[in-house]
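Student: Chain by chain, the residues run as shown.
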Amino acid sequence: AQSVTQLDSHVSVSEGTPVLLRCNYSSSYSPSLFWYVQHPNKGLQLLLKYTSAATLVKGINGFEAEFKKSETSFHLTKPSAHMSDAAEYFCVVSDLAGGFKTIFGAGTRLFVKA
Amino acid sequence: KAGVTQTPRYLIKTRGQQVTLSCSPISGHRSVSWYQQTPGQGLQFLFEYFSETQRNKGNFPGRFSGRQFSNSRSEMNVSTLELGDSALYLCASSLEAGQSGYGGYTFGSGTRLTVV
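Chains A and B supply the protein sequences, listed in that same order. According to the numbering used here, the first sequence is numbered sequentially starting from 21. According to the numbering used here, the second sequence is numbered sequentially starting from 4.
It is possible that part of the hints are untrue.
To be verified - Taking lysine-lysine pairs in the DSBU-like style, the calculated list, with each CA pair at most 30 Å apart, reads:
| no. | chain 1 | residue 1 | chain 2 | residue 2 |
| --- | --- | --- | --- | --- |
| 1 | A | Lys88 | A | Lys121 |
| 2 | A | Lys121 | B | Lys60 |
| 3 | A | Lys89 | B | Lys16 |
| 4 | A | Lys69 | B | Lys60 |
| 5 | A | Lys62 | B | Lys16 |
Note that these hints are calculated values from the structure, not bench results. For clarity, every value in this text was computed on a predicted model and none was experimentally measured.
Let the sequences and hints guide you as you build the complete structure.
Tutor: Quick look at the structure:
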């Protein structure tokens, strides 16, 4: 069965330090994986996507994620956090199981301290 | 190009009333999906429409319904509103059929529904 687990509900970092948001997934098929960001009272914005091409995916605003099949992980990273990165981040898996389903993770709220 | 437009942005309704929310997808996108977002349940899939046909449906009661028009604009309707229907309702458009496909979604800013 398809599933996605975001390992941390909250992550707090200082401005200028690295960001790591962890995501593990389960999929019976070759999945597509996505990260979305949601700022307060806004919709979700696509940060980056993996669709079976390069395993290291670069997204917007300096974020990147690496698809590791052996570890079933798709962690999101950024070398240096900015105050504007404070938001909620969702890891998403999409595959053909049961007729092309998309599953959202529960979200990780990122706090950035000055 | 214009993004996904959802109207209205905010709504306050009374229990027992019904409500209609509207979503205009990105030009050229034919798939529209609806999600309910609440603090307790997170993002939950409501349904997806493609070419005016409902393609997928989540586990919501029949009070939740939707439709899509020939110009790909979509509406969702909730009848006999309950307090628990208070949520942010998000519309997402995508090029392909199937939930988000391989290209991912473009989301609207949502409609914040409060039921009192």
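Student: Could you run down the list of hints and mark each one as holding or not?
Tutor: Quick rundown of the hints versus the structure:
1. In summary, the hint linking Lys88(A) to Lys121(A) is supported, as the alpha carbons are separated by about 21 Å, within the 30 Å threshold.
2. Restraint check for Lys121(A) and Lys60(B): the C-alpha separation of about 11 Å stays at or below 30 Å, so the hint holds.
3. Pair hint Lys89(A) plus Lys16(B) does not hold up; C-alpha atoms about 47 Å apart against a cutoff of 30 Å.
4. Proximity of Lys69(A) to Lys60(B) is assessed by CA-CA distance (about 24 Å); at most 30 Å being required, the pair is judged to hold.
5. Proximity of Lys62(A) to Lys16(B) is assessed by CA-CA distance (about 21 Å); at most 30 Å being required, the pair is judged to hold.
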